[in-house]
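4 protein chains.
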Amino acid sequence: MRAQTSVSQPSVKHHCGLFGIHGDPQAAWLTFLALHAQQHRGQEAAGICSTDGQQIKRYAAPGLVTEVFSERTLANLENPTAIGHVRYSTTGASHKTNNQPFLIQNNQFGAVAIAHNGNLINADLLRKKFEEAGAVFTTTSDTEVIVHLLAQPSDDNLERRLIWMLDHLQGAYCLLLLFPETLVAIRDPYGIRPLCIGRTKDGAYTVASETCALDRVGAEYLRDVEPGEMVFIDRDGLRSRKFVTESAVTPAHCIFEQVYFADPASNVFGENVHLVRKRMGAELAREAPIEADAVVPIPTCAVCPALGYARESGIPFERGYTTSHYVGRSFIMPDQVNRDLAVKMKLNVIEDNVRGRRLVVVEDSVVRGTTTRGKIGALREAGASEIHLRVASAPIRHPCYYGIDFPDPAKLIANDRSVDEIRDYLGVDSLHYLSLEGMLRAVKHDDGHYCTACFSGKYPVPVTHQFDKYSLDRRQLVMFD
Amino acid sequence: MRAQTSVSQPSVKHHCGLFGIHGDPQAAWLTFLALHAQQHRGQEAAGICSTDGQQIKRYAAPGLVTEVFSERTLANLENPTAIGHVRYSTTGASHKTNNQPFLIQNNQFGAVAIAHNGNLINADLLRKKFEEAGAVFTTTSDTEVIVHLLAQPSDDNLERRLIWMLDHLQGAYCLLLLFPETLVAIRDPYGIRPLCIGRTKDGAYTVASETCALDRVGAEYLRDVEPGEMVFIDRDGLRSRKFVTESAVTPAHCIFEQVYFADPASNVFGENVHLVRKRMGAELAREAPIEADAVVPIPTCAVCPALGYARESGIPFERGYTTSHYVGRSFIMPDQVNRDLAVKMKLNVIEDNVRGRRLVVVEDSVVRGTTTRGKIGALREAGASEIHLRVASAPIRHPCYYGIDFPDPAKLIANDRSVDEIRDYLGVDSLHYLSLEGMLRAVKHDDGHYCTACFSGKYPVPVTHQFDKYSLDRRQLVMFD
Amino acid sequence: MRAQTSVSQPSVKHHCGLFGIHGDPQAAWLTFLALHAQQHRGQEAAGICSTDGQQIKRYAAPGLVTEVFSERTLANLENPTAIGHVRYSTTGASHKTNNQPFLIQNNQFGAVAIAHNGNLINADLLRKKFEEAGAVFTTTSDTEVIVHLLAQPSDDNLERRLIWMLDHLQGAYCLLLLFPETLVAIRDPYGIRPLCIGRTKDGAYTVASETCALDRVGAEYLRDVEPGEMVFIDRDGLRSRKFVTESAVTPAHCIFEQVYFADPASNVFGENVHLVRKRMGAELAREAPIEADAVVPIPTCAVCPALGYARESGIPFERGYTTSHYVGRSFIMPDQVNRDLAVKMKLNVIEDNVRGRRLVVVEDSVVRGTTTRGKIGALREAGASEIHLRVASAPIRHPCYYGIDFPDPAKLIANDRSVDEIRDYLGVDSLHYLSLEGMLRAVKHDDGHYCTACFSGKYPVPVTHQFDKYSLDRRQLVMFD
Amino acid sequence: MRAQTSVSQPSVKHHCGLFGIHGDPQAAWLTFLALHAQQHRGQEAAGICSTDGQQIKRYAAPGLVTEVFSERTLANLENPTAIGHVRYSTTGASHKTNNQPFLIQNNQFGAVAIAHNGNLINADLLRKKFEEAGAVFTTTSDTEVIVHLLAQPSDDNLERRLIWMLDHLQGAYCLLLLFPETLVAIRDPYGIRPLCIGRTKDGAYTVASETCALDRVGAEYLRDVEPGEMVFIDRDGLRSRKFVTESAVTPAHCIFEQVYFADPASNVFGENVHLVRKRMGAELAREAPIEADAVVPIPTCAVCPALGYARESGIPFERGYTTSHYVGRSFIMPDQVNRDLAVKMKLNVIEDNVRGRRLVVVEDSVVRGTTTRGKIGALREAGASEIHLRVASAPIRHPCYYGIDFPDPAKLIANDRSVDEIRDYLGVDSLHYLSLEGMLRAVKHDDGHYCTACFSGKYPVPVTHQFDKYSLDRRQLVMFD
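So the sequence lines, in the order shown, correspond to chains V, D, W and U. Here the first sequence is numbered in my numbering, starting from 9 and rising by one per residue. Here the second sequence is numbered in my numbering, starting from 9 and rising by one per residue. Here the third sequence is numbered in my numbering, starting from 9 and rising by one per residue. Here the fourth sequence is numbered in my numbering, starting from 9 and rising by one per residue.
One should not assume that every hint holds.
One copy or two, either will do: identical chains are not told apart, so a pair holds if it fits within one copy or between any two.
[Claimed, not checked] Here are the simulated EDC-like cross-link-like pairs (lysine to aspartate or glutamate), alpha carbons at most 20 Å apart as the crow flies:
1) Lys466 with Glu299
2) Lys250 with Asp232
3) Lys136 with Glu189
4) Lys209 with Glu389
5) Lys209 with Glu234
6) Lys137 with Glu394
7) Lys466 with Glu445
8) Lys209 with Glu79
9) Lys452 with Glu295
10) Lys452 with Asp360
11) Lys137 with Glu429
12) Lys452 with Asp60
13) Lys209 with Asp242
14) Lys250 with Asp301
15) Lys466 with Asp437
16) Lys137 with Asp175
17) Lys136 with Asp424
The hints are simulated quantities; they were obtained by calculation from the structure and are not laboratory data.
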């Protein structure tokens with residue numbers, strides 16, 4: 009009924025970004041800067057909790073980081089230790105009540121703020137059990153299950169209490185827990201999402217989803233939080249604790265972070281994202297060479313693989329489009345406006361640079377195909393003589409249970425179409441997807457350390473029960489605010 | 009440091025108002041109208057939940073009823089059954105998360121919305137027990153304790169589940185519970201707060217704190233929900249169930265509802281508030297006659313007893329002030345503005361009607377005394393030759409544990425001052441408080457059916473543990489939004 | 009199409025209120041307080057201009073005084089001299105651009121802020137002439153015509169420039185002009201609208217529409233600005249200048265200010281409004297006595313004449329209703345809601361005080377009759393046995409050209425109906441309007457000093473051209489903001 | 009005192025962008041899309057006026073295009089003809105009242121909406137004259153002078169009236185005038201700012217500052233509005249009229265549009281901006297070759313010349329940074345935050361791509377130098393071994409009087425510094441600015457058709473009186489809203 013083409017929404021929803029810092033008088037401001045550096049990981053809401061060692065304060069709201077926070081709100085959060093969160097929730101609709109970090113108090117262990125990046129595959133099951141025992145849930149977020157596990161009277165010792173909690177979690181999770189005196193960073197045994205540790209020049213430890221957040225606050229990268237590791241940061245410094253045995257740690261880093269999610273300036277899983285993407289572009293050039301006048305990236309994510317393709321092929325790198333950076337708030341296009349106009353909303357084609365030329369168009373990945381099709385159509389209208397689409401990743405055919413919000417498989421363009429059918433649908437002269445092997449050649453650890461489930465269908469974390477990733481959302485409650 | 013004289017805030021905070029209606033296609037609109045009629049019972053926030061028999065929708069926000077709801081939000085709530093709530097919470101600070109009705113879902117009994125008027129004296133104790141057992145609380149409201157009791161796996165039968173819940177509650181409570189198919193109205197065994205049942209011309213049952221809400225929606229008053237009674241309303245009609253034995257029912261209606269809270273147009277506890285207040289004024293005239301030129305009420309609550317005093321004494325009733333009805337949002341006066349200006353912010357004295365005259369000034373009650381003093385000072389400045397203050401209730405000296413938010417006893421003007429000292433402080437020529445006996449003569453049931461604790465110190469509900477009514481508020485969490 | 013019954017809008021639109029103060033360090037704050045005291049004169053918008061003797065600052069916005077101004081905006085306006093304005097414009101739709109005071113700068117005389125209460129009858133004509141000469145108008149307010157007259161290169165001397173300007177104005181006007189060094193107060197030669205001068209304890213001169221504004225800021229009433237007088241206030245004190253000859257001054261004070269507009273606490277045109285209204289009520293009792301059990305005012309404006317009627321007749325004064333003071337922002341009732349509910353939105357009938365009783369219901373004036381009818385219907389439904397309506401003013405049959413926004417004559421209930429027909433329409437047992445003679449007996453100056461045009465059709469200011477009071481509004485421009 | 013480093017503000021303020029369309033049922037929506045495509049020309053405010061042939065409607069507000077307009081406001085503007093404006097005003101502070109298009113009505117010619125891109129050099133003088141004659145100005149924008157000229161009773165014939173008006177204008181101006189039946193597009197005799205004509209597939213004529221706006225709405229480029237030309241568009245089609253003699257037309261296109269302002273996808277002054285910038289980069293490579301490992305643009309404007317430099321030099325084009333596109337509203341950094349953090353707010357350096365490498369860094373232009381210095385410093389910190397800065401335009405040393413808001417000359421880095429001093433200030437190993445000759449070689453018309461005043465100091469429009477471009481802003485009025 010409604011076109012619902014939002015001007016500013018990416019087609020694949022990013023998940024979440026985390027940041028924490030312990031012991032800097034400007035902790036709230038630095039967290040704000042670090043969240044802004046990681047804004048690409050979640051644009052729906054942002055929140056910061058900070059503590060003076062006794063009380064924890066919270067401010068969170070829907071919107072971009074620079075929209076949510078003002079000088080006043082950040083001044084109110086002034087405290088030496090803080091954690092922050094940007095969110096696009098994968099489970100949990102867009103209510104205000106789902107904004108993170110969550111902040112609760114309990115007479116067993118006092119106050120705690122919790123921020124989560126990932127997706128639990130047993131959230132639904134755990135929630136059912138808790139509700140049967142009388143627990144009250146107030147959000148539709150899977151993170152609330154973690155809160156309830158933490159609140160169980162399991163053990164007086166914080167470390168054992170956390171291990172008891174983690175024993176019950178299945179799926180992908182990076183967690184930051186802010187107690188008044190301690191900041192805890194936790195990464196699941198598969199290391200699906202990235203989480204790294206840095207230190208500022210003044211000696212404050214920081215934790216972040218991506219290294220670009222460390223750079224933003226002038227912190228030096230120390231190391232990743234390891235899969236299956238808990239890191240405790242307090243005034244005595246940093247202390248590590250593994251919560252699973254060595255043998256239970258089976259790295260399965262999300263390769264889609266390398267393909268699309270992470271910022272090219274970041275190092276994730278031990279290597280620079282830009283260089284990985286360039287290598288993917290180079291692999292693509294080797295797998296599917298073609299004669300052409302220019303290599304043109306689909307803006308803006310495909311710039312890196314396009315540079316790799318151009319260098320490997322010797323065909324000049326060029327701009328085909330300019331893109332609007334003035335997105336402002338999300339804007340819904342009305343029904344009556346021509347759909348083709350809507351798809352071009354964010355880009356201007358450089359006609360004089362395109363007309364009559366044979367183009368290699370590089371895309372990082374294709375999900376539904378509608379956006380790619382629109383952007384390629386604009387090049388065609390501008391007079392490109394040939395268009396050869398090169399996609400720097402394999403066809404996406406399987407759902408992700410660990411935090412990426414792909415659309416229903418039925419809506420994935422590669423779900424039930426051959427490459428030739430996709431080529432025809434997109435209206436290009438030739439089409440090549442980078443092979444899975446090519447993708448793994450482009451990353452260092454091609455020995456099974458990466459999760460490729462959305463491409464290969466091989467899930468590293470066993471899915472043990474009839475899983476319904478949307479079950480938390482489909483509830484009888486409708487809150488609007 | 010800051011004067012904090014708010015233009016629009018009453019000095020004693022009203023508690024809450026409830027309304028529910030079952031089976032009218034305009035249920036949300038009627039609830040809106042009924043909440044507006046009861047706006048005097050709570051000005052901080054308003055909320056409505058409505059149901060189509062399957063799903064429950066909620067909208068709640070801080071502000072006056074006409075500010076919170078718009079045509080659009082009411083249209084979104086369109087459903088045949090609804091409950092609503094206006095709030096000034098007695099425990100629970102002013103966070104958004106404390107807005108009522110609460111709406112939760114549980115896999116034991118599905119969805120339910122809960123609205124509460126009153127105050128539990130064992131909320132703190134229950135909450136501690138729950139937290140020790142692993143429960144997670146997200147608000148600072150005592151109503152959340154009720155939610156947790158309801159969620160306990162006590163019994164599959166709804167009625168028995170409710171009785172189990174009610175067995176654990178101590179204090180004052182009127183409750184509305186909205187299940188998809190059933191609306192339940194509950195009143196504590198003391199009947200401390202009012203709750204009545206009506207029926208619209210179209211046959212829809214309604215429940216309301218005050219009869220003025222029934223009048224507003226064109227409903228006929230049927231009867232009060234009795235102390236210790238649960239009333240179930242569904243498509244089969246109305247069904248009653250007592251949840252305590254007859255002997256456990258010991259009526260203790262809040263006499264302050266008659267003195268100050270309830271609207272003069274309402275009947276509460278079986279009699280009309282205006283007529284009760286007039287009788288209080290008449291008692292006052294008999295207890296403390298004086299020669300004077302005019303009887304002038306302190307606006308606007310003392311109009312009723314002033315009419316009673318005037319009629320009984322034969323002294324003409326007059327206006328001493330006009331009052332501003334354009335309060336708008338709360339406005340904080342800056343420090344630098346003269347305090348005497350601030351206190352006069354809402355009233356204009358009719359100087360020509362006051363100058364050189366001997367006035368009997370009638371006030372309904374005196375809490376801190378600062379406002380009364382300011383208003384009387386304005387009459388004095390305008391040239392009144394004599395001012396005789398007559399207060400239509402006894403001195404307030406004791407805290408209320410059942411839902412009235414008096415200030416700390418130390419701030420009550422009558423706490424440690426004699427009547428003569430108060431007279432001097434207020435700057436009047438004579439002062440008389442109505443005796444407790446006089447108050448009880450003015451109501452029908454002077455046989456102990458009224459709770460007079462704030463005047464007499466006699467508490468009908470035993471306070472069994474070291475009670476701290478503010479404990480829920482004093483937590484380590486600071487959420488601002 | 010849309011019911012458009014606003015919850016908070018009065019049925020006759022008040023015009024405007026003015027306030028000015030010279031030489032108090034808290035001038036902006038005092039102006040804020042004084043505008044709040046005069047909020048009844050205009051609820052659509054509020055504005056303040058202040059000056060430090062060189063620069064003039066302005067803040068104005070739609071809304072109630074307490075909504076428009078905050079501590080921050082008032083702090084920004086901190087300056088020793090200020091004027092303020094509350095508005096319901098009679099000509100000029102509700103755009104933001106029409107908010108007053110207007111603030112302009114001109115290289116002939118520098119900066120000036122202008123606030124106006126009244127209505128020009130030749131605004132339309134003047135505007136046409138100006139536009140033909142090349143002038144650019146940016147609002148639809150008749151006040152902009154005054155601005156253009158002032159800007160004409162008439163004379164270097166300010167006083168002569170003002171006289172030249174005033175020579176061109178026809179109609180009702182009270183004006184405040186704020187130049188950086190001088191505050192000027194002007195009242196038209198008929199003295200149609202009130203304007204008075206006061207002085208604070210600290211010696212600062214103030215000007216206000218009503219004396220209640222003087223009271224609010226602790227200023228003593230000195231005298232009225234006289235018809236045809238300009239008052240200049242600067243650091244040398246107060247200086248007066250008549251701008252018409254004595255013979256041209258023909259007082260024609262608006263009697264509707266006494267009937268309805270002004271606050272009962274104010275003195276306007278030399279006498280107290282409350283006492284005038286009481287005398288009108290007493291006249292009414294003499295003109296139309298009746299046997300009854302109680303005298304009940306239609307809230308809230310008829311309280312004063314009802315007290316007069318009760319005293320004169322000996323019938324007890326009583327309350328029939330309570331009224332909601334929590335109006336909040338204007339709220340539009342949806343179509344589908346029953347109209348009878350809508351009309352009762354703001355009042356609760358005290359049934360037990362009305363049932364079975366013979367009532368004299370006093371109303372101050374009847375315009376369309378719809379609201380009065382609804383309120384009386386509510387008494388009837390509550391069981392009143394007899395209802396005798398007594399209106400404390402004559403039937404309104406003629407339009408006002410001097411600032412009162414009566415509806416089109418066709419919509420006035422008395423336009424083409426006899427008193428008997430109105431009685432039947434309103435559903436009362438008997439009806440009496442106070443005679444024009446009775447009204448004039450109630451005011452001191454019954455020798456023709458009052459304008460009674462809306463009742464009598466006798467207009468003191470000759471209307472010399474085919475006048476269309478809405479012409480400024482009917483333009484080709486639609487600005488929404 | 010306050011750092012005032014705004015996150016989202018460009019260092020040189022863009023001026024304005026225009027769009028108009030005649031005879032398309034979706035005119036308002038298409039104008040919205042076209043303004044969005046030209047958002048880079050002005051981010052402070054946006055406005056649209058539309059007409060049905062009789063009435064003109066207006067909506068304008070501060071903010072980005074997608075923030076200002078919603079589906080609802082655009083629906084309200086639904087009309088077949090519209091003009092729109094995005095603004096950063098060069099004269100005229102940021103008041104709401106300065107938002108364009110201006111909309112006025114006059115009894116000589118009815119209603120008209122006016123949008124202006126450029127800067128008048130005699131606005132101040134004209135305004136003084138008008139004020140002396142009694143005119144009233146309500147904004148501080150120079151566009152209001154145009155409005156007053158238009159309103160003068162010069163001639164009944166519209167064309168002659170416009171010519172009379174244009175005869176009085178000196179400076180740079182592109183104008184769109186929307187009369188109910190006619191859309192007029194006007195360009196000054198120097199053609200300083202761009203303005204072009206297009207036609208949609210459905211035959212509707214459109215006018216736009218840049219061709220990228222035509223592309224966005226699917227309109228084909230027809231031709232530029234010529235210097236000194238008026239174009240009338242009505243239902244009879246398009247009609248042209250020169251308002252100066254051929255000899256008075258002396259093209260002086262702003263070369264800074266090619267360097268920085270215009271979108272690379274646009275053609276302005278007859279050639280594609282991207283290709284011009286690439287040629288500038290190539291010229292730069294020829295003028296200042298260097299041995300290096302990579303060519304890196306300062307994001308995001310220098311991508312085009314960097315591609316040109318890379319191609320000409322054979323050094324690989326690379327990314328040094330990623331940039332945040334999630335700017336949201338302007339955000340003010342607090343004082344206490346480290347300035348170096350602030351300058352990095354919008355970019356992340358790709359460290360692994362920079363460390364140990366010799367870089368040619370390409371910048372399009374350097375104004376104050378602070379931003380460039382910060383961005384280069386970030387590369388240095390990331391470990392670049394050599395940094396050679398190449399600027400694709402000459403040093404900016406002179407003010408612009410035709411619409412570009414450079415800072416005070418004293419703040420221009422090239423004002424009084426040699427190239428060596430600038431090199432040291434920026435902390436680079438070598439620095440070269442493209443010569444003016446090189447710039448002109450990169451554009452087609454190097455025969456004096458371009459204005460190079462900011463680089464060369466040669467002004468094409470004689471500045472005849474002591475000109476003060478900020479005079480309109482320095483007034484005695486302070487309006488805040």
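Quick rundown of the hints versus the structure:
1. Lys466 with Glu299: neither (36 Å within a copy, 48 Å between copies)
2. Lys250 with Asp232: Within one copy only: 13 Å inside, 62 Å across.
3. Lys136 with Glu189: neither (33 Å within a copy, 23 Å between copies)
4. Lys209 with Glu389: between (53 Å within a copy, 13 Å between copies)
5. Lys209 with Glu234: Neither. Shortest intra-copy (23 Å) and inter-copy (59 Å) distances fail the 20 Å Cα cut-off.
6. Lys137 with Glu394: neither (58 Å within a copy, 62 Å between copies)
7. Lys466 with Glu445: Answer is within; shortest intra-copy Cα gap is 14 Å, inter-copy 61 Å.
8. Lys209 with Glu79: Neither, since 24 Å and 41 Å both go past 20 Å.
9. Lys452 with Glu295: within (19 Å within a copy, 41 Å between copies)
10. Lys452 with Asp360: between (40 Å within a copy, 15 Å between copies)
11. Lys137 with Glu429: This pair counts as neither: shortest intra-copy Cα distance 46 Å, inter-copy 63 Å.
12. Lys452 with Asp60: neither (42 Å within a copy, 57 Å between copies)
13. Lys209 with Asp242: Within one copy, since 17 Å is at most 20 Å while 61 Å is not.
14. Lys250 with Asp301: neither (54 Å within a copy, 43 Å between copies)
15. Lys466 with Asp437: Answer is neither; intra-copy 32 Å and inter-copy 51 Å both fail.
16. Lys137 with Asp175: within (15 Å within a copy, 25 Å between copies)
17. Lys136 with Asp424: This pair counts as neither: shortest intra-copy Cα distance 35 Å, inter-copy 56 Å.
Figure legend: structure checked against the earlier numbered hints; hints not met, in rising order: 1, 3, 5, 6, 8, 11, 12, 14, 15 and 17.
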